[in-house]
Amino acid sequence: MVTLTRTTRTSTAGRARVRGRRGEDLTKVLFVLPAAVAMVALFGYPVVKNLLMSLQDYGLKTFFTGVAPWIGLKNYSTVVTDNLFSDAMLNTALFTVGSIVFQFAIGLGLALFFRNRFPLSGLIRSLLLLPWLLPLIVSSATWRSILEQDSGILNRTLLGLHVIDDPVPWLNSPSVALIAVIGVNIWIGIPFNVTLLYAGLSEIPDELYEAGQLDGATGWRAFCYITWPNLRSVASVLLMLGVVYTIKVLDIILGLTGGGPANATQTLATQSYEKSFVDFRFGQGAALSNILIAISFVFAIFYLRGTRRAPDE
Amino acid sequence: MKRTAYAVIGVLILCVMLFPVYWMVNASLQPSGNTLTAGFLPLHPTFAGYKRALDEQGGNLVTSMIIAAGTVVLSLAIATPCAYALSQFRSRWVSIGLLAILISQMIPGIVIANALYTAYERIGLLNSIPGLIVANCSSGIPFAILILRSFMLSLPPSLVEAARVDGAGLFRAFVAIVLPISKNSLITAGLFSFLFSWSDFLFALTLTTKGGVRPVTLGIYQYLGTQVQNWNAVMATAVLSAIPAIVLLVAAQKYIAAGAIGGAVK
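First to last, the sequence lines map onto chains U and W. full-length UniProt numbering numbers the first residue of the first sequence as 1 and each following residue consecutively. full-length UniProt numbering numbers the first residue of the second sequence as 1 and each following residue consecutively.
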């Protein structure tokens, strides 16, 4: 009897403990559940929906009839054989590479400059962040007023200084519009690059430079043998993020040129927007944006393979 | 001497980089008309541009404010417990969750807009403030999770354990102990969520089809299509739309760099 009671008691306690642990596990799940649901709804669902839409004839009619016939890969072949596609690919590549190379180079130059200790350094670095924090459409509007052909302050200044003889049609000429748009995007991206590279530089211990000095590594040599190797992990994160973010930029191009003149600034992202929301050919818009995702993924895989580390380290 | 020279160069760099921002303010104070007449200084400042901006865009500014505030509340409510879980719970799901967030950053906004448009069309969320709040959470939630998690990683588990010994459940301990300690990082994450949502243009452009709900970014875009003869009103609206960024920069200066780095690297 005694043993029996004892067993019963222990097992009740055990059950309570199990129940307690189960309750605990349930609470833990509840911590994550809302975010998991949100991520699935805001990212998972759109990706799947876009994949399906890209295989359907999903157009304006669909909204009235509710019917979107399956057409296999026809949307992909339509957008890829479109005359604009190769231009859009080239523009996307030029926009992305041009933006990133200059943002990074100028950002690195400024970050190295701010390594010098001088008064106001911290304040100046904070204020430099402003272009990055402004809404992109605000920057676009401002730059449009600056770049205006006849009355913009840039042309007026350049004419006044006799750098140019005729006003440059920054945003109206197919041959310079892409350069102007890339220039504005570089301006927007510099602050973020400075901030991250400066943080990366700050983590390099001073002793390394002191030791390097003894071995005669100063100036350029110190940069090559000490700074750059220690900065490489920050730089690779930054470049990967740069590609992933720049490749999908829409606001700046729509605000500055709307993809014009004569499609000179049309990218995959603006094309995708136009197909979906101007022409209401959602299937083709989805096909283009899926191509965009695929390109991003290729870069991310290169990055992950290159660094070979978990994302949380 | 050398330090002063550096400071002077630093200020010059700042002037070059911030010239467009200065030009925006200058143009907003110039008399109406195109910028051909605009001098480098607003010698005869007029607030006519601001009056017109407020008349025409005042309602849009309020709309943006409501959407951004709603995004902050919803994003933080969803992201905070998750960030805590990802920082303190031991589970193989943690690295899966972080990988999911990393991958989510590669999804272009246009993909989300495409899908939400068709879904919203069916459930009647097009042209609605809740619809835009939910869409804007797609930038708010992942960023808030990353920022909050990188702070919460530094919380010693003993803090919560002490409360648990006193009989508090996991959730109560979280609310009573973790949230108050995390106040600063909650402010940082909240400010960034506000700014992302305030700056949103893509969802405003695609998920509204008529005039009823129109955030100010869309107002500026429509100005650019029709009003470029009146740069002072356009630039006044731009200045008003830049205020949250400026407030953020001044009020939360020390958190911003940390936030930028936390969001990118961690």
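Hints are computed from structural coordinates only; laboratory data are not their basis. Virtual Cβ for every residue (Gly too), placed ideally from N, Cα, C. Check before you lean on any hint, since a few could be wrong.
Said to hold, decoys possible - Derived DSS-like pairs: lysine-lysine, alpha-carbon spacing no greater than 25 Å straight-line: (1) W:Lys210 to U:Lys61; (2) W:Lys183 to U:Lys28; (3) U:Lys74 to U:Lys61.
Unchecked claim - Just a sample of chain W residues kept apart from chain U, beta carbon distances all over 12 Å, derived: (4) His44; (5) Gly59; (6) Glu121; (7) Leu155; (8) Pro156; (9) Ser158; (10) Leu159; (11) Asn184; (12) Leu191.
Open item on the list: Hint compliance check: list the failing hint numbers for this structure, sorted ascending.
Closed with: 6 and 12
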